[in-house]
Structures are given as structure tokens and as C-alpha cells.
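2 protein chains.
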Amino acid sequence: METVKRTIGVNIDPDGEFNALIWAPNAGRVSLRVCAGRIDLPMQKQDYGYWALKTDQLKDGDLYRIVLDDDKFLPDPSSLSQPKGVHEASQVIDLNAFAWTDEHWKNWHLNEYIIYELHTGTFTPEGTFEAIEGKLDYLKNLGITAIEIMPVAQFAGERNWGYDGVYPFAVQSSYGGPKALQHLVNTCHQKGIAVVLDVVYNHIGPEGNYFSEYGPYFTDKYNTPWGNAINFDDAWCDAVRQYYIENALMWFRDFHIDALRLDAVHAIKDFSPQHILAEIKEHVDHLIKETGRPHHLIIECDLNDTRYINPLDKAGFGMDAQWIDEFHHALRVTAGGERDGYYEDFHGIEHLAKTYNDAYVYDGQYSAHRHKNFGVKATDNPGNQFIVFSQNHDQIGNRMLGERSSQLFSFEMQKLMAAATLIAPFIPMLFMGEEWGEPNPFQYFVSHTDPELAEAVRKGRKAEFAAFHAEGEAPDPMDEQTFIQSKLQWQLKDKGQHQTMFAYYKKLIKLRQYLPVIHNLNRNQVKADADKDKQMLTLQRWYQGDYLVALMNF
Amino acid sequence: METVKRTIGVNIDPDGEFNALIWAPNAGRVSLRVCAGRIDLPMQKQDYGYWALKTDQLKDGDLYRIVLDDDKFLPDPSSLSQPKGVHEASQVIDLNAFAWTDEHWKNWHLNEYIIYELHTGTFTPEGTFEAIEGKLDYLKNLGITAIEIMPVAQFAGERNWGYDGVYPFAVQSSYGGPKALQHLVNTCHQKGIAVVLDVVYNHIGPEGNYFSEYGPYFTDKYNTPWGNAINFDDAWCDAVRQYYIENALMWFRDFHIDALRLDAVHAIKDFSPQHILAEIKEHVDHLIKETGRPHHLIIECDLNDTRYINPLDKAGFGMDAQWIDEFHHALRVTAGGERDGYYEDFHGIEHLAKTYNDAYVYDGQYSAHRHKNFGVKATDNPGNQFIVFSQNHDQIGNRMLGERSSQLFSFEMQKLMAAATLIAPFIPMLFMGEEWGEPNPFQYFVSHTDPELAEAVRKGRKAEFAAFHAEGEAPDPMDEQTFIQSKLQWQLKDKGQHQTMFAYYKKLIKLRQYLPVIHNLNRNQVKADADKDKQMLTLQRWYQGDYLVALMNF
Chain A
199 METVKRTIGV NIDPDGEFNA LIWAPNAGRV SLRVCAGRID LPMQKQDYGY WALKTDQLKD
259 GDLYRIVLDD DKFLPDPSSL SQPKGVHEAS QVIDLNAFAW TDEHWKNWHL NEYIIYELHT
319 GTFTPEGTFE AIEGKLDYLK NLGITAIEIM PVAQFAGERN WGYDGVYPFA VQSSYGGPKA
379 LQHLVNTCHQ KGIAVVLDVV YNHIGPEGNY FSEYGPYFTD KYNTPWGNAI NFDDAWCDAV
439 RQYYIENALM WFRDFHIDAL RLDAVHAIKD FSPQHILAEI KEHVDHLIKE TGRPHHLIIE
499 CDLNDTRYIN PLDKAGFGMD AQWIDEFHHA LRVTAGGERD GYYEDFHGIE HLAKTYNDAY
559 VYDGQYSAHR HKNFGVKATD NPGNQFIVFS QNHDQIGNRM LGERSSQLFS FEMQKLMAAA
619 TLIAPFIPML FMGEEWGEPN PFQYFVSHTD PELAEAVRKG RKAEFAAFHA EGEAPDPMDE
679 QTFIQSKLQW QLKDKGQHQT MFAYYKKLIK LRQYLPVIHN LNRNQVKADA DKDKQMLTLQ
739 RWYQGDYLVA LMNF
Chain B
199 METVKRTIGV NIDPDGEFNA LIWAPNAGRV SLRVCAGRID LPMQKQDYGY WALKTDQLKD
259 GDLYRIVLDD DKFLPDPSSL SQPKGVHEAS QVIDLNAFAW TDEHWKNWHL NEYIIYELHT
319 GTFTPEGTFE AIEGKLDYLK NLGITAIEIM PVAQFAGERN WGYDGVYPFA VQSSYGGPKA
379 LQHLVNTCHQ KGIAVVLDVV YNHIGPEGNY FSEYGPYFTD KYNTPWGNAI NFDDAWCDAV
439 RQYYIENALM WFRDFHIDAL RLDAVHAIKD FSPQHILAEI KEHVDHLIKE TGRPHHLIIE
499 CDLNDTRYIN PLDKAGFGMD AQWIDEFHHA LRVTAGGERD GYYEDFHGIE HLAKTYNDAY
559 VYDGQYSAHR HKNFGVKATD NPGNQFIVFS QNHDQIGNRM LGERSSQLFS FEMQKLMAAA
619 TLIAPFIPML FMGEEWGEPN PFQYFVSHTD PELAEAVRKG RKAEFAAFHA EGEAPDPMDE
679 QTFIQSKLQW QLKDKGQHQT MFAYYKKLIK LRQYLPVIHN LNRNQVKADA DKDKQMLTLQ
739 RWYQGDYLVA LMNF
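These protein sequence lines map, in sequence, to chains A and B.
In this text, residue positions in the first sequence follow this note's numbering: the first is 199, and each later residue adds one.
In this text, residue positions in the second sequence follow this note's numbering: the first is 199, and each later residue adds one.
Accuracy of the hints is not assured; some may be wrong.
Pairs count within a copy or across copies, as identical chains cannot be separated in the list.
Once the Cα atoms are required to be at most 30 angstroms apart in a straight line, the calculated DSS-like pairs of lysine-lysine come out as [to be verified]:
no.	residue 1	residue 2
1	K512	K487
2	K304	K389
3	K657	K419
4	K708	K243
5	K732	K203
6	K419	K660
7	K512	K419
8	K512	K575
9	K708	K333
10	K252	K575
11	K333	K377
12	K338	K705
Hints in this document: simulated from the structure, not taken from any laboratory.
When you get a sec, could you build the whole thing from the sequences and use the hints?
Here's what the structure looks like:
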């Protein structure tokens, strides 16, 4: 497979012509319609279900559709841009047109990452990539070294967390589209900030999903929470694997993204001899060799299985790091948060101590919530393989009312939770606004245009809270107000306790960056002990001559 | 987990009392009914959904049922014996009562295995284990070192290949039940014959399947050809894993079985950090250490993925050997067999040469039948990890009319196919009767007592032949005649060409056993070349000073 350029979809050649390559094994005839002038360019059948075309009748910015069997006029599944939304024409984009000026940028080592997770639509009043650029100096001042952007693949409407994206290669038009993302990354790099992009390889969103018209992108061998699984190992899987490998490569190569955060990889079902994650890693390693630019692969994974993060040559999938939700759960329960739902497995301060010591809380014990023995020991995995946080989009937004920690814990407890995270021997991550204790919620919002789907989402949302027994009505995800009230209130950050909290976060981050004993992520130089009676956690860390003891009174 | 004794089901204690341990997390109350006298013995709830009882009110041979919630009187899923069939009472069996006299037996190294696959019901007129004993001298004379018995787990009725078994621990009553199997194994060992038992860990048969009354033995996360997959990694999977681990251990420990042949392990879906096959291997290794008796684990696997047969310390699942159907397919197509269905991937003599050289025909190439790139290289796996055959129960019985090679190929071609198999640098396997060119078919037969199921099987059978385009009517699997006409005709073996064929097989086996150059399974001392025009295969093998060249004219 090519790593130097994208081969699927519509791409510009060195000679300025455009090449189209569409995988459509279900079709008997395929052509590409140039919308202006309604010109249909027939595509030539290739091996393995591909259709190809080379043409000088396209230019950067043109709208086109793929025509299957002369009667289906569809968007391109490998589309780079959907300026009019998920149901409408795709747009030709010359990914090489952007004039990068980040040649002096070098991605941070993971040890240096202090991640700031943000949602483009609610981070700023404008909800665009351009508006993010206006906040970079603020983030730099806070001490952030990497922003993590929630998924930007084109979704239905203008309001979505991003996990309903249906065009994995197309950057959400309402955020500014692909060129605005390139511009944002370039600006980040000039300011010394790395960019992590959240990508979804475990399912494809419900609305605007025309994939099955083209070919077997899905398999009925496995069931996932979102229906049939993406076809990574069944008949015809090669093209689907290539699709996702090329997606990962594109972000790194053509958007200069520094790290990907792969959503819920436990829902990627792949019994192939080589797991798709390992194959992605191999290709990314190849790209890194070619460009000299390092990139990180970070996973969200609910399996406590080190196979995912072990190196390829140790039969691992080679992922560089993973989120540990268990740190969050243990911290939260210790801080006095509720204990129902998946929190039932977390017993408080002993578990918090365990995660400092062992990364995973469950590394072989019986989990009452999962009804099975769960996890393996992560003894040999260094601290920079684990991302920790005291809140994130999911932990906030999956609450019925989407309350942040600021609405659930006292001011002092919020500070303690921030410190617990920022002095951990792992990679810390903040969720936008927590640094000033943003009181607005981060609620679940969508803007589906299909009324049946919208209703199903409303119902599903209600069903989801059965385990939490929260009271009151769930906000309507379809209501624009739900989106608007989830936006950050920037005017607060300079006021009263918000300002105090901001100063506190900034100080903590500075401590982390400049004290080697905190900055050092050698897990053999960490010891946490829990005093259950006093609800006190003692975290000891040492490095060379330095020694740190943190007493956390919960 | 205990390896020294079975812990689930009903088992005798050293003190002569019986212990019962039943996994029934779905039940609110569980008792054990002793059928004679209708005595209900309440069981005590344990952790993880188990229920336990110790009682002196049972003795070897007693019938009992498990009573769930006072109103469901069911057989025991861990039953050792179902003397009245799959729907009726279970029977207490003292597995330690048998007086073994095989203390001098030592299982053959896999290199010495010459396997003879047999189906108990059709191998002899009587269709019992006892009747097999009467044929052992015959098999020994032929040169067989191991018999492989098709599955014996209790199934509905008296006629079944065995893959519809529903009590994995119970030995089919119509074959003679558990004690007759112990007797057969003991006799085999006295005659120097190893016993391979075919076991099914990928599904449970349809009739008499009360498992879901007890607990989540199945998961809807994965779909298999037989419906929901067995639950090896979902909530509550620990008990299901223990169930199958204990099953493997029981055959080795309590029945002195020498090797297991695990049916279609590609249909075992398990994303746990440790695959269930690897966990079985660990426990078997532990048992071997305890008893000093070696055992082999052989898999049927349709994945060409060496992960299954690589050692545990190389991140493999540790299986000792696997069937290679691809050898059969390549041989068969080379011999002039049809090329439709799954045979479409096999191009004849070059592929036969490839399997001699590389074990797998597909080790990374695109498979037109599977519509994907398939397989990995098996370069580092020794010859004794691969079982080859020119026919087996599946390849014969899955044909619409169940014709053996004797009905499809000329006499000379049958001999060539036999030689091709017996001089291969792999472990050879015969299917019962092929050594005298048995003309009777081996057809698909069942004896379900549920009429709806019987009808579904009839229909399914017909649908299966869509790819083969065979002509005529499929024999009715439910008709007893289908079973009867699949029996061997022993009177033929001493007559005419049948006798010639037998002598030929015997000679080939003798050659294999006594010529080091054939017996040697070092794959680096093998070279096969195909001359496509002449349809001639040259197989060269060498060992120390010896050199063999076999010219096979197809």
C-alpha cells in the first residue's frame, strides 16, 4: 500500500490531473458525475471491486457524485469534503494546496504531552477551527502542549459530538472543512502545540451512511452496540482495511496531525492473523520513516489487555498509549461521586492507589459489574502509555444532565482531583473549561435530519440512564438549546473562583513540567498507599536525588 | 482450577460421598432430585452462580435431575451419562471405578501418529465401542498407531455424526456410555494404539440443549453458522471457560484419551487476553506434569493462522497440530476432482506442490473463494504440526451423496492419492474403510426426535448444495437407511481389488514407518516441484545419507 499519497477517493496527481479510485464491488457500472455541467465520466473496472478514472475535467473545489449502476447518485465514501452535508455532493479537494509553514515543528515525545480535549462546536462561541486558533495563546499560557480535537468526520447537521460521523475522510463543513483544519494544525505547530485527532474506526454513523450501496463494509459475524461490525476480517475485508489504514495515514501526512486517538477499539472486531491496529501501526511506522515526523497512536480501550499497547515485536498491536478510564472511576468514587452503573466496581481510595501503582485497577480480579475476571497485569508498560483525566467528554456527557465536576464536587475537591491527575505518573488530559471550573454542562446533542432517527436517539438516550436512576428529564439531544448551553462561557475564566481555579491549574501544570520527579514517568519510582479510615492517599515518587510525597485527603 | 479431578457436575469424593456443583446463575433456587424415591436435595448457593451439595444419598448408576426454581426438572449440563437420551434424567457415574491396566502404555510422539478416523456408529455392524475393540488387531496389522473417534458427546437419538452433541461430558449411551469408552481406550493402549477423541467446543447441538435455562452459555456478540457463539469472553464467561477446560482435562485424566481433535476452532470466538485454547493448553500442560502422561491437542482450523499452533511463549495458543484441509483440496483437484464450491481456489498440481513445500496453500495470497488475502507463512512450524488426508468424514459426507474416493476416482488414482498422503512430510490420516476402497458412501445422518428440527435439517442440507450443483435428490438424513448404507462392509476387505488396496495401504504404512527418509518430518528436507504440462509432481525428501524421489503422475 502507498504511504506517500492517498490512493482511494479523488486525488490530484503530480501532473495536476485528478485520479479517482472507488471501491464498489456491489456495482455493475460506476461513473463519476461532475455536478457542474452534469458530465458523467465512466470509471473502469479494476481487480477486487475497484473502479478507476483519470480525468482533467475536475479541479479543486468541484462538486461530484458517484453514480452506481446508472441510477444511484451518491456521495463518495472516501470524500474529503461534504460542503452541503452528508446526503449531498462530495467536493474535490487538493490536499497538497495548503502552504505549510511548520517545518520547524517537532512533535512532542509522549512524556511531554499535557492534553486538552476539546469539542470544536462548543469550545468557542463560533464553533469553528478558525476560532480555536484564537484560543491557542490562552492554552499555551495555561501550559497545554497538545490539543485533542473530538471527531471531525462529516456528520449529519451542524451539532454532534462527532461519533456519528459518516465520512471518515471528510472534515466537517460547519467547522470550516479540510483547509481550515490544515490551517489550525499549522498554527498550533507554530505555537508549539501538538494536535491529537479523535477518529472512529469501530462504526460509521447512522445518517448519510451509504456504504452498503458500495460494498460489504460491514459484517454480520459480529454485533456491536451500533449494529453490525465494520468488516475487518470477513470476505472483501482487504479494501475496508485499506480504507482505514489510508485514513490514519492521511491525517498524519496531509493534515500534519501529531497523534490519533482511536475511539473504542474494543469494538473493532478482527480475528485476522494481523489485527487492523497492528497493520495501521506498521504503515504509520513506514510513513514516519519516510517523512521523519513522529506520530503517536493512542487508543480508547475498555479491555485492560496489554496486547493492544505492547510493541509489534512482542505480539502486541503496537499502540503507543491508551486511556485509562479506571483512573477516572477510582478517583471519582474516592472523591465521593456516586457508585452505581459501572462505578459499582470501584471501591474508592484503595483502587485509586492501585491505579497509581498498577495502571489498571482490574488486572485479573473478578469484576462484579462485568461478571467475569477482568484484565491482565500492565507491569512492563511505562507510564507514558496511559492517559489519565478527572473528567472527559464521555464521563461528563454520558450523565443524563451532562454535569461537569464543577457541579458535582466542592471547589476544594475539584482542586484535589486536578492535582491527583496532574501529578500522576501517567499522561494527563483536561477537558475544555475544567481549568476554570466551567459550570455549563456538556450534554449529548445531535442534529439528525432524519426524524425517525432523531426519535430513536431520544429514546435510546433515556434507556441508557436506567442504571443511573438519575431524576428528572433528559435534555432533548435534538434541541439546539442543548448544544448552546454546552458551550464554554469564556467570560467566566477571569472571575472570582474561576480565576483562582485557572491559576491553580496553571501552577500544577508548571510544577509537572519543571519538577523532574513529577515529569519522570518511570513507574518503578512510584508508590501509592491508601489509608482507608482516614481517606488519605500517600503518593510517593522519586527520581535521582529528588523525592516527592503527595498527601491527598479525600 | 483443579486439574486432579472434575469439580463440576456430580462427582465422587475420596470418602465415597458424592459432591454436586452446578452452575446456574439464572436460577433462584436449585435442588438435585434423586429419581428413585423422588428425593429433592436442596443445593447451596455459592459465589459466581454456582450451587453446591455434598450427599451420601447417591451412588454410582443413580438417575438424577436438576431442579431449577422448583419447577424445571432438567438434565445436568455437566452430566456424564444420559442413559435414556438427551431429554431424560442424568446418571451418576463414578469415573474412578474403572480398573485401568494401561500403566505401561506411553502415548506416541506425534511423529509416530498414523491416524485412522472412525465413526463409532458405522465402523462396525454393531455400532458400539465394544465392537471397535474387535477390530483393533485388524488396525494394528494395517499399521495404524492412533484411532480418532468422531464425537461421542450424547446426541439426540442413536444416529449422528456427533457434531450435534449436547452433553459434552456424557458419552453417547447407544455407543455403550462412559464405561465402555474407558474399556475401549484401555484395550487400545494394551495393543499400542493411541486414541484421539474429536470434541466440539464451538457450539452445542440443537436438540436437548437446556443450557440457557441454567446460565449465559452463549453470547449474542458473535454469530456462528450454528447461531449465537459459545460465551468465552462476555459477562459470566469464567464458568463457561471452566466448563470446557474441565472437559478437556476429563478426557485425558479420566478416560486416558491421548489426544483431542478440537472441531472447527475458527468458530470459537474469544477476544479475551488469553484465548480459551491457550488456557486449555496451560491446564493440559499442568495435568501432564502431574501424571507424567503426554497428551496432544490437535485442531481443525480454517484460518491458516500459525498463531493457533505456535507455542504459548511465542504468543501462540499452543496447539500441537492442526488439520490442513488445503492439502486435501489441492490433492483432490490434482486428481481430477471437481473444481466448484471451495475447490475453486485450488488450481491443481502447483498447489499440491506448494502444500508439500509450505504446508498452507494460501499463505498471504488473494483467495477468490474467500474474497480476501488469506493466510500467513508457516515456515517455522514443523511437519508434525500438520495432519493430512485424502478423504475424511467431512470431505466425503458433506457431498450430497456422500461418495468416498472409491466412487469418484479410478483404482490407480486412489492408490496415488493414498501414496501422496502417506509419504507426505506431515502426519497422515485415513478415513475408515478407505484402506480397502469401501464403496459404501458416508452420508449425513441424524435422528432428531423433534419434527421441526428434523425438517429444518432436511432443508438446510439441500440449501448447502447450491454451490456444488450436484444432481439428484439428497438422501434424507432422518431416514435410518441413510445411516445403514453408510456402514462399512467388512466382508469386502478380503475380496478382489479391495484386498489389493488393503495390501497396498499396509505396504505404504510400513514404508513410512521404517524408512527414515519418509518418517523424518523435518520440512527443510523436502522439495516438491510441479510439472503442469505433464501433470507430474516430483517430491524429493532426504535425511542423513538417504534420498527419496517420488514421481507422481496425475
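Outcome of the hint check:
{"no.": "1", "hint": "K512 <-> K487", "result": "both (21 angstroms within a copy, 28 angstroms between copies)"}
{"no.": "2", "hint": "K304 <-> K389", "result": "within (11 angstroms within a copy, 73 angstroms between copies)"}
{"no.": "3", "hint": "K657 <-> K419", "result": "both (27 angstroms within a copy, 23 angstroms between copies)"}
{"no.": "4", "hint": "K708 <-> K243", "result": "neither (58 angstroms within a copy, 55 angstroms between copies)"}
{"no.": "5", "hint": "K732 <-> K203", "result": "neither (59 angstroms within a copy, 46 angstroms between copies)"}
{"no.": "6", "hint": "K419 <-> K660", "result": "both (29 angstroms within a copy, 23 angstroms between copies)"}
{"no.": "7", "hint": "K512 <-> K419", "result": "both (28 angstroms within a copy, 28 angstroms between copies)"}
{"no.": "8", "hint": "K512 <-> K575", "result": "both (15 angstroms within a copy, 18 angstroms between copies)"}
{"no.": "9", "hint": "K708 <-> K333", "result": "within (19 angstroms within a copy, 83 angstroms between copies)"}
{"no.": "10", "hint": "K252 <-> K575", "result": "neither (52 angstroms within a copy, 37 angstroms between copies)"}
{"no.": "11", "hint": "K333 <-> K377", "result": "within (19 angstroms within a copy, 79 angstroms between copies)"}
{"no.": "12", "hint": "K338 <-> K705", "result": "within (13 angstroms within a copy, 83 angstroms between copies)"}
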